[in-house]
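Chemist: Each chain, written out:
There are 2 protein chains.
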Amino acid sequence: MTENKERAVVLLSGGLDSATTLAVALDRGLEPWVLSFDYGQKASRELEAAAAICRSLGVEHHLILPLRLDALVVSALTSKEAMPSPEEIKRRFGIPDTYVPARNTVFLALALGFAESIGAYRIFIGANDMDFSGYPDCRPEFFWAFNQLAGLATAEGVGGGRKVQVETPLMNLSKGEIIRLGLSLGVDYSLTISCYAPLPDGSPCLRCESCQIRVKGFRELGLPDPCCAPSSGR
Amino acid sequence: MTENKERAVVLLSGGLDSATTLAVALDRGLEPWVLSFDYGQKASRELEAAAAICRSLGVEHHLILPLRLDALVVSALTSKEAMPSPEEIKRRFGIPDTYVPARNTVFLALALGFAESIGAYRIFIGANDMDFSGYPDCRPEFFWAFNQLAGLATAEGVGGGRKVQVETPLMNLSKGEIIRLGLSLGVDYSLTISCYAPLPDGSPCLRCESCQIRVKGFRELGLPDPCCAPSSGR
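Chains as they are written, first to last, in our numbering: chain A, 1 to 234; chain B, 1 to 234.
Pulled out of the complex, with its shape left as it was, chain A reads as follows (with noise of 0.2 Å):
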């Protein structure tokens, strides 16, 4: 049924902004072939909204990598106990402590390779620089540096081929924008979770910089967070 559907990777964590982006892939009437990354981060909750997001969105092909990112990098969303050096964090500029060490480079390189193998030229990431301005990797210029290798390290790019190439939807919107967007296109954001460090009941704790720009966006609408009304069950 879907077999003359152009195909395109899809990076889902689970959150409000990757739910949104794969939103829009299927708008444009692409076959997602959603990629999730178990990497060790404290909100492994995040899997279980990837998950459910899919299958509220009706996506059929969700692959969760496992990635040994915590054995790899230091950062306050994965283990600290990992690497010897957490004062690293500390010598960063200004950068949030959240901020996991080239997380964006690997995830996109596996993405590559990953759309290499499928016959996919476009890979679609939730990244936005309106909000989270702090981390290196969210930046326009820094997909656009992807994007150029990329282009040098496919084997049809390099064959004179089409080159597999990044795209960022939701760069230049403001939170409120992108819900609004994805509320336009169907997404369930209560099955979405955002926050960095959820309550053992796992609901948001509403405090970390996440939850507040969360909470900021239905705002902005004069919606509730359907991940926080009563109502939700949750």
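Since the hints were made in silico from the structure, they are not lab data.
Copies of the same chain are indistinguishable here, so a pair counts whether it falls within one copy or spans any two.
The calculated lysine to any residue pairs, modelled on SDA-like cross-linking and capped at a C-alpha distance of 20 Å, are:
| no. | residue 1 | residue 2 |
| --- | --- | --- |
| 1 | LYS216 | CYS205 |
| 2 | LYS163 | PRO140 |
| 3 | LYS163 | TRP144 |
| 4 | LYS163 | TYR135 |
| 5 | LYS163 | GLU141 |
| 6 | LYS163 | GLN148 |
| 7 | LYS216 | ASP129 |
| 8 | LYS5 | ARG28 |
| 9 | LYS163 | GLY134 |
| 10 | LYS216 | MET171 |
| 11 | LYS216 | PRO226 |
Please build the complex by placing chain B on the supplied structure of chain A, with the hints as guidance.
Modeler: Quick look at chain B alone, frame taken from chain A:
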């Protein structure tokens, strides 16, 4: 004892080129933090070789990272069953089927995260453009583009600090020149394995492209390959 040495990440496959690269990094007075990947390659003997090379050169830090590249990409070097599009390989433009989609992009991205976490600014990789010009991700322009990306991808680099950069000391050497360099630096090539499809007893097939290039390299120098010599006990 090695407190004051500059750290460098060195990618080590267990083959001739990467072993030589490790020796180069040591010769430059760096403290190598060696990274190998268990990515489902058929020649998993490579990883035993990598460990033996580290011991032989007195390397203290060697991390073997599991990486389910076999679940993600299709190549003659990894399992063929994982993904449904082996026909991709044929579509490629004269590139050997031992090409693993985006492999060097993935390896360097992970090395970048590792480097940033341990406070290293140099990543060594034994890429060589003389013998394997068919691989898109072994060419100088690929590494140039990766370095552009790396400069935009890390917290410290973006914050005005030192950028992480990839070094390819073997790029323009012939196989014979690489071997001569390694021998001068004390590399024990009997420990290395270059074969894509080792025989059941672990000895090299001497038929695959990688074996043939290696044999030619030793012949250039008028030396036997210690890996294949009967006296090596293998």
